[in-house]
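*Asks:* Listed below are the residues making up each chain.
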Amino acid sequence: MMFAAAMLAILITMALTLARAVLGPTVYDRIMAVNLFGTKTVLFIAVVGFLFGRPEFLDIALVYALINFIGTVAVLKLMHYGELGWVDTSWERDDL
Amino acid sequence: MLDIINVSLLLMMIVTALAIARLRSLFAVAMLTGLFSLLAACVFVLLDAVDVAFTEAAVGAGMTTVLFLATLGLTRSREKVTPKDRAIPAMLVAGSCGAVLIYALSGLPEFGAADTPVHQHPITEKYLVTSIDETHIPNTVTTLLASYRGFDTLGEVVVIFTAGMVVLMLLGRCAREREPDQDARAKD
Numbered sequence: 000m001m002f003a004a005a006m007l008a009i010l011i012t013m014a015l016t017l018a019r020a021v022l023g024p025t026v027y028d029r030i031m032a033v034n035l036f037g038t039k040t041v042l043f044i045a046v047v048g049f050l051f052g053r054p055e056f057l058d059i060a061l062v063y064a065l066i067n068f069i070g071t072v073a074v075l076k077l078m079h080y081g082e083l084g085w086v087d088t089s090w091e092r093d094d095l
Numbered sequence: 000m001l002d003i004i005n006v007s008l009l010l011m012m013i014v015t016a017l018a019i020a021r022l023r024s025l026f027a028v029a030m031l032t033g034l035f036s037l038l039a040a041c042v043f044v045l046l047d048a049v050d051v052a053f054t055e056a057a058v059g060a061g062m063t064t065v066l067f068l069a070t071l072g073l074t075r076s077r078e079k080v081t082p083k084d085r086a087i088p089a090m091l092v093a094g095s096c097g098a099v100l101i102y103a104l105s106g107l108p109e110f111g112a113a114d115t116p117v118h119q120h121p122i123t124e125k126y127l128v129t130s131i132d133e134t135h136i137p138n139t140v141t142t143l144l145a146s147y148r149g150f151d152t153l154g155e156v157v158v159i160f161t162a163g164m165v166v167l168m169l170l171g172r173c174a175r176e177r178e179p180d181q182d183a184r185a186k187d
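In the order they appear, the protein sequences are chains A and B. Under numbering that gives the first Met the number 0, residues 0 to 95 are what the first sequence spells out, in order. Under numbering that gives the first Met the number 0, residues 0 to 187 are what the second sequence spells out, in order.
Keep in mind that the hints were calculated from the coordinates and are not lab data. A couple of the hints might just be wrong.
Label-pair distances were calculated between CB atoms; the ranges are [as the list claims (entries may be wrong)]: (1) A:Val62 <-> B:Arg148: 19 to 27 Å; (2) A:Asp28 <-> B:Ala112: 41 to 49 Å; (3) B:Met90 <-> A:Lys76: 34 to 42 Å; (4) B:Ile159 <-> A:Arg19: 29 to 37 Å; (5) A:Leu22 <-> B:Ala98: 25 to 33 Å.
Quick caveat: nothing in here was measured; it's all calculated off a predicted structure. Think of the CB as a built atom: it goes at the ideal place given N, C-alpha and C, for glycine as much as any other residue.
Kindly produce the complete structure, drawing on both the sequences and the hints.
*Replies:* See the structure below:
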């Protein structure tokens, strides 16, 4: 029962995060929404494991945490050093 | 409970896909494709395909997002507006493609059915029973991938390694060429 409640909470949080990723006016809203969604995926897999009697899924969830971290660092690093997402036309600045 | 999870995950996937189709800011689209991959990975975990889910998360959410962003850094960050008269043919193509896939779905066996060819073929019995004596590896999937299909796996690893090297070469060159510009920006 407790795991079911946790699962519902995670699903609601996922929906809210998705709303931020779709609506989010700035780039950083979206980066953080995707990062948060990765964290929610980790929690989701961990809770699914316990909910359906497969607690060994916890190990898989840990690996997802690593992927999520590396992915976000890669996105931020590329934005900072590779000027990714930046275009040198000032009229597009509102977008990014 | 499983139904609730499945339905809400699939609903979120539909919302994400519609948002990807509607949004014109390509950075947002790149982020949302990563999010879509994470949702797909969750669905794969529910279907007990943990390895597929892992690949989806690593390639879809990690690698592809970075590739999209790298491309965005070299091109424009907004999509050109598609002419309105192309909408109808595009809808027709997408709709008929979806209809064919749904038609094909009716030919699939039920989820988890025990009487499918995969479960009834004698080779399944052989792998499950005799593989431990032949290879001394306790995990059957590992036995198949690393022993019976070892050359196949070696080929896959070579392909993935080559792809990774090429991506690193492309990204590395991009970063080096832009460094002087970066310094100028830092001084401002």
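*Asks:* Which hint numbers does the structure go against, in order from smallest to largest?
*Replies:* No hint contradicted; all consistent.
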